[in-house]
Each structure stands twice: as structure tokens, then as C-alpha cells.
Amino acid sequence: MKIVEKSKLWFGLSIAMIVIGLLVGLFRGFNLGIDFTGGTMMQIHIGKTISVDEAKDITSKFALDADIIHAGDEKQEIIIKTKKDLNNEQRQEIFDAFKEKYNLTDKDFRQAEQFGPAIGSEISRRALLSIIIAAAGMLLYISYRFEFKFGVAGIIALIHDVLVVIAIYAIFQIPMNSSLVAAILTVVGYSINDTIVVFDRIRENIKFMGKASYGEIANQSITQTLSRSINTSLTTLLTIVTLYILGVESIQQFALPLIAGIATGAYSSIFIASPIWVIWKNWEKNRGKYRTIS
Amino acid sequence: MGMNFKNVLALLLILAIIAASAIIGIYGLEIGNVKINPIRESMRLGLDLKGGVFVVLEAETNATGDDLDKIMNQTKEVIERRVNIMGLTEPNIVREGEKRIRVELPGAQNASDAIEAIGKTAQLQFIKPNGEVVITGSQVKNAEVVFEKDRGNIPSVALELNSEGAKAFQEATRELAAATNINDKIIAIVLDNDVISAPAVQNEIPNGKALITGNFTLEEASELAALIRGGALPVNLVEVQTSAIGPTLGIDSLNKSIDAGTIGIILVFLFMLVYYKLPGLIADIALVLYTSIVLWTMVALKATLTLPGIAGLILSIGMAVDANVIIFERIKEELKNGKTLRASVNAGFSRALTTIIDSNITTVIAALVLFQFGSGPIKGFAVTLMIGIFASMFTAVVVTKILLKLFISFDVFRNTKLYGA
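Residue numbers (this note's numbering), protein chains in the order written: chain A, 1 to 294; chain B, 1 to 421.
The hints are simulated quantities; they were obtained by calculation from the structure and are not laboratory data. From the three backbone atoms N, C-alpha and C, an ideal C-beta is built for every residue, glycine too. Check each hint, because a few of them may be wrong.
Said to hold, decoys possible - Sample of chain B residues at the chain A side, in silico, Cβ under 10 Å:
(1) N162
(2) F407
(3) F410
Claimed, not checked - Pairwise CB distance ranges, derived in the manner of DEER restraints:
(4) V398(B) <-> E249(A): 52 to 58 Å
(5) L9(B) <-> I245(A): 56 to 62 Å
(6) K61(A) <-> R40(B): 40 to 46 Å
(7) Q372(B) <-> S143(A): 51 to 57 Å
(8) K75(A) <-> Q372(B): 36 to 42 Å
(9) K107(A) <-> L9(B): 27 to 33 Å
(10) F413(B) <-> L13(A): 42 to 48 Å
(11) A19(B) <-> S227(A): 26 to 32 Å
(12) E96(B) <-> Q76(A): 35 to 41 Å
(13) E219(B) <-> K107(A): 49 to 55 Å
(14) D67(A) <-> V195(B): 37 to 43 Å
(15) E219(B) <-> S121(A): 50 to 56 Å
(16) I245(A) <-> R95(B): 36 to 42 Å
(17) Y102(A) <-> E220(B): 45 to 51 Å
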């Protein structure tokens with residue numbers, strides 16, 4: 001298969017995706033969840049489906065600019081989301097209003113989440129820090145086991161995956177929350193795993209294919225590992241997609257970025273990581289040539 | 001023939017062990033005095049699955065350094081005491097960063113009440129037998145453990161009151177010391193409606209210094225001193241983050257995740273069987289063992305299973321298959337290169353091993369970072385992921401190899417078509 005020859009196409013596709021995502025993010029803004037902006041979420045079991053307006057009649061009494069979403073299997077629950085940071089007492093007052101109107105018991109207060117305004121920036125700072133540390137650790141390990149160029153190519157593929165996932169979130173305006181952070185870190189671990197399998201084969205083939213060019217070696221290695229790459233991503237996606245379809249809301253928030261990330265990770269380990277390595281190797285070889293001529 | 005018989009026995013034994021680990025995991029076991037609960041019952045569940053509350057409280061104070069540490073320790077003690085009264089099974093209270101305290105209350109039924117109980121100002125009171133309140137916590141300046149030299153260095157708790165408290169205390173002790181009936185001499189020290197000490201007053205205490213004596217151990221005395229010191233919450237607390245999950249939602253999440261996991265695993269089983277045939281079947285058997293090992297290890301380590309943890313577990317099943325996929329693809333290649341079945345299997349395993357180790361170690365690096373920097377449920381996810389990686393290396397490499405070699409020793413299974421060649 002001629003993968004490396006079409007590097008420009010693959011890079012172009014990825015760059016286009018990332019640029020569009022970042023532009024959308026810049027102009028329309030990211031749909032940040034309450035864990036990043038600060039705010040409150042309450043989930044209440046009403047026992048019947050009520051309209052959004054009906055729920056808003058109650059929340060507006062508390063001067064809340066709240067989003068109302070239906071939840072539960074039969075849409076008998078509502079989720080109230082607001083950027084206002086409500087304390088325990090205020091949350092209880094709102095629940096009590098629903099409780100009175102719909103004859104609820106305390107058990108119907110299914111869930112409440114509240115984030116102070118300062119928490120969001122801390123979560124993102126910690127997330128960024130952990131991604132940098134994880135990437136540095138992987139770079140060290142790959143440089144030690146393979147070579148530095150493999151390490152850098154692998155890390156670029158990783159950054160690519162993270163950016164593509166973020167771009168998908170921006171383009172489709174999916175709410176971003178702290179599950180996304182954990183999911184991205186998982187993708188980082190998973191996608192490098194994929195890349196290593198290809199690199200490992202390149203390392204092995206270099207020994208057997210002495211005279212072949214770097215491009216040929218990479219193409220051959222990608223082809224040899226292709227069914228493995230596809231099958232592994234497929235089995236992982238089978239489980240995660242099932243989880244997404246059947247899981248509750250909070251597990252869906254976790255599964256969605258994993259689905260996006262695993263698919264992207266499979267793509268990048270084939271179409272991004274190895275081509276980068278080839279380009280760098282060839283550049284180095286040619287540079288060496290010119291030097292001996294001059 | 002004798003060789004073959006031994007192999008049949010070995011194979012059956014391995015299969016029996018794997019089946020037993022799974023069946024006991026699902027249904028539990030009870031033989032005489034030995035009782036093993038099913039995994040579902042023995043697994044420690046995070047509060048997102050069990051229901052419960054966690055709240056992060058921030059102290060409103062400008063204090064720094066040792067002063068801040070003192071305030072935070074006192075606050076933590078007050079909260080611990082209140083939480084203990086709730087009688088929950090595994091509460092967890094930790095200082096987080098500088099000014100924050102994270103309180104986790106798995107199984108708390110009424111979130112709102114629990115948060116209120118933690119945040120309210122504690123009432124420390126000294127009460128006379130007639131019910132009259134003599135002093136309150138705000139009038140105690142300090143309480144610390146002292147050792148009474150003349151009573152063989154028994155630990156007691158010394159109180160220091162402010163001037164207002166000292167005056168009230170002097171009047172009350174004068175009155176109680178003069179009483180003749182022992183019951184009239186008792187001054188009750190009450191914290192949050194709970195009598196923590198009821199000493200009898202012997203003499204009038206004029207200087208605002210009182211001693212609570214009793215047969216305390218050092219630990220008890222320190223605890224008492226801490227409680228009295230901490231009786232009045234030293235600082236106002238604000239909720240910075242809360243998550244309250246009702247028990248119904250938790251159980252619902254757990255059930256749905258188990259269903260999703262089961263269906264996901266069955267799909268993976270079918271895929272492996274259809275695509276890789278006999279090796280696929282062996283990978284499926286190894287996968288059953290893998291799932292039991294991960295779950296039983298979590299039970300043994302008393303690790304907490306959280307919702308992201310379930311996602312991690314299900315994800316790791318997909319990844320566990322990966323090691324087998326790498327090996328089987330390798331075996332197929334070797335078969336295509338014209339090697340014999342036995343040689344292909346050996347080459348497949350040995351060549352795939354470095355790939356599997358290298359790719360898994362990079363994932364371990366990610367899991368370690370997650371564990372270090374994540375909080376609560378995310379930590380749970382990292383633990384599950386790590387246990388999963390190590391278990392999958394064992395089952396995919398060691399167990400599959402043994403099984404595959406046993407299968408190959410039987411003539412029936414020696415057709416290379418069964419291996420996808």
C-alpha cells in the first residue's frame with residue numbers, strides 16, 4: 001500500500017479538520033460544561049413527562065437562567081443546568097418547589113452537581129499539565145526503546161489526536177466537561193499503543209530490508225500491521241459504542257470522546273506517525289548527502 | 001497416546017479453573033464454612049454507583065503557613081466528628097490543596113441533610129445539672145493534653161477559657177463544688193447534642209483554667225482536646241464543588257453499565273470467533289479469565305469501582321484482545337511464509353512479545369499520570385486500567401500460549417485452516 005506517498009493528502013485532511021474546529025471554537029466558542037464555567041446541575045424525577053416551559057415556570061421564580069433537558073428512559077426526569085453557582089440551601093429550595101407541585105418524595109432528587117467558578121480553570125490547568133507529563137514520559141520511553149525520531153513522530157500523532165477530538169467537540173458543539181479530560185488522557189494512552197505497533201514493525205523490517213527506502217519500509221510495515229490495527233480498533237469500538245448506546249448520561253459523556261479518540265488514534269498511527277518519521281529520516285539522509293558533496 | 005491423555009487432562013483442568021473463577025464470580029460459592037460472595041456484592045462501589053455525596057469545601061480565611069494548617073486541621077476534625085455520627089460505612093475526609101477539604105460520603109441517603117450537617121456551626125456547651133448552659137465553644141480559648149504528675153502521668157485535658165468564659169465558669173464551679181449530692185456536681189460537656197465528658201466539679205475554678213480528668217488513654221485525651229478545640233468551627237466554609245447522587249440513579253447506572261458491558265463482551269467474543277476461528281475461541285477463553293482476574297483483583301485490593309472505572313474495564317477488554325490480535329496476525333503471517341504450525345505459533349508469540357510489552361508500557365505511563373493527577377472517579381479509572389493492562393499481558397501471552405500449544409498437540413486441531421491460514 002502506498003501510504004507514505006500520499007502524506008500531503010493525509011496531513012492536509014487532518015490540518016483542515018483541526019483548523020475548522022479551532023476556527024469554529026474561536027468564533028462560536030466551545031460549549032463548556034458547568035465543571036469548566038462553574039454552575040449547578042440538578043436531576044429530578046417527576047414521574048411524568050412535563051414540558052420545558054412548565055419546568056421553566058418554576059425555575060424562573062428563582063431568577064434562574066436555566067437549561068432544561070429531559071432524561072430517563074421514559075423522559076420522566078428533568079435535568080436543570082445553570083451557570084449559577086447554587087449552594088445546598090438554594091438547591092433544596094428549588095427541589096422543594098418541584099416537590100410541592102408534583103407531589104414528590106426526597107428520593108426523587110436524583111442528582112445534584114455544583115461547581116464553584118474557580119474549579120473550572122483548575123481542572124483545565126491540571127488536565128493540560130497531565131497531558132504534557134504523560135507525553136514527556138512516553139517520549140522518553142520511546143526514545144529509549146526505539147529512537148528519538150520515533151518518539152517525536154509518536155507525540156505529534158498524539159497531539160493530532162487530542163486536537164481532532166477537540167475540533168469534533170467544537171464543530172458539533174458537544175458540551176465539554178471533566179470526563180472529556182479523562183477520556184483524552186485515555187486516548188493518549190491508547191493511540192500511542194497503536195503507533196508503537198507500527199513503529200515496532202518498522203524497527204524489525206529495517207533489519208530485513210536493508211536496501212529499501214524509508215518510505216518502502218514504512219509502507220510495508222503499515223500493510224503488515226493493517227489488519228491488526230483495524231481489528232483492534234474494531235473490538236475496542238464494539239465495546240465502547242455498546243457502552244455509549246446503553247449507558248447512562250454520565251457514562252455517555254465519557255464514551256463519546258473515547259469513540260472519537262480511538263477512531264482518530266487508529267487513523268493517526270497509520271497516516272500521520274509513520275509518514276512524519278519517513279519525512280524526517282529522508283530529510284536527514286539528504287542533508288547528509290549535500291554535506292558530503294560540498 | 002499417553003502424552004495425549006496428559007494433555008487432555010491439563011486442558012480440562014485449565015478450562016475448569018477458568019470456568020470456576022467466572023461462575024463463582026457471578027453466583028458466589030458456599031461450601032460448609034467457606035463462603036465467597038459474588039463479585040457484585042463484594043466489590044466496593046464508588047459513590048457514583050452506590051449513591052452518595054461528595055463535597056469540596058473551601059475555608060474563607062487569609063491565614064497562611066502554620067496558622068492555616070492549624071485552622072484546616074481543626075476544621076477537618078470537626079467534620080470528621082460530624083461525619084462519624086452519621087454512621088456511614090466508608091466516609092473519606094481529606095485536605096485537598098491549601099484551603100480545601102473534600103468530604104466523600106458513599107451511601108448517604110439524603111444529600112442535602114448531609115451537606116447541611118457538615119457545614120453547620122458546631123455547638124460546644126458546658127451544661128449544669130439543671131440544664132443551664134454555662135459556657136459555649138466560643139469561650140474556650142484552647143484545649144490541650146496535659147499529663148498529671150501526681151497521678152502517675154495520666155493524660156488529661158486542660159482547658160483555657162477567655163475572660164468572659166472564665167468568669168461564668170468560676171461562678172458555676174463555685175456553685176457546683178458546694179453541692180453535696182454527687183449528681184449535682186456534674187458539669188456536662190456537650191458537643192452537637194452528644195455528651196463527650198461529664199466530670200464532677202471538686203473546687204471553684206477562678207482563673208479560667210479547667211482540667212478534665214478521667215481514665216483517658218493518650219489517644220482519647222487527644223481526641224477530646226481536639227473535639228473541644230474544634231467545637232467551634234474556626235472558619236466559615238463555602239461549597240466549591242458538590243456531587244450528590246441519589247441511590248436510585250447509582251443502581252440504575254450500575255445495572256445499565258453491566259448490561260452494556262455484557263453485550264459489548266459478547267460482541268467481541270463473536271468477532272474473535274468468526275475472524276480468528278480456533279485461536280479466536282482460545283482468546284475468548286483467555287478473555288473470560290482476564291475479566292475474572294481484573295474483577296477479583298479489584299475485590300482483593302479493595303479498589304473502588306467507579307462509573308469511569310467500568311468504562312476503563314470495558315475499554316481494557318477491547319485492549320486485552322489487542323495482544324491476542326497481534327499474536328494471531330503474526331501466526332498467520334508465519335504460516336503464509338510456509339512455516340509449520342508449531343513453528344509459526346512459537347515465532348508468533350516470541351515476535352509479538354516485544355511489541356506487546358512496548359505498547360502496553362506506554363499505556364501504563366498514561367495510567368500512572370491519570371492516577372497522580374486525577375481525582376475521585378478518575379483515579380478509580382486509572383487503577384482499573386492498570387490492573388487491566390497487567391492482567392491482559394498475563395492472560396493474552398501466558399494463558400493463550402499454553403492453551404494454543406495444548407490444542408495443537410491434538411491431531412483434530414492441526415488443520416492450518418483453523419488458524420486462518
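Checked hints:
no.	hint	result
1	N162	violated (31 Å)
2	F407	violated (21 Å)
3	F410	violated (27 Å)
4	V398(B) <-> E249(A): 52 to 58 Å	violated (39 Å)
5	L9(B) <-> I245(A): 56 to 62 Å	violated (43 Å)
6	K61(A) <-> R40(B): 40 to 46 Å	holds (43 Å)
7	Q372(B) <-> S143(A): 51 to 57 Å	violated (22 Å)
8	K75(A) <-> Q372(B): 36 to 42 Å	holds (41 Å)
9	K107(A) <-> L9(B): 27 to 33 Å	violated (55 Å)
10	F413(B) <-> L13(A): 42 to 48 Å	holds (45 Å)
11	A19(B) <-> S227(A): 26 to 32 Å	holds (31 Å)
12	E96(B) <-> Q76(A): 35 to 41 Å	holds (36 Å)
13	E219(B) <-> K107(A): 49 to 55 Å	violated (39 Å)
14	D67(A) <-> V195(B): 37 to 43 Å	violated (49 Å)
15	E219(B) <-> S121(A): 50 to 56 Å	violated (42 Å)
16	I245(A) <-> R95(B): 36 to 42 Å	holds (41 Å)
17	Y102(A) <-> E220(B): 45 to 51 Å	holds (50 Å)
Hint violations for this structure: numbers 1, 2, 3, 4, 5, 7, 9, 13, 14, 15, all remaining hints satisfied.
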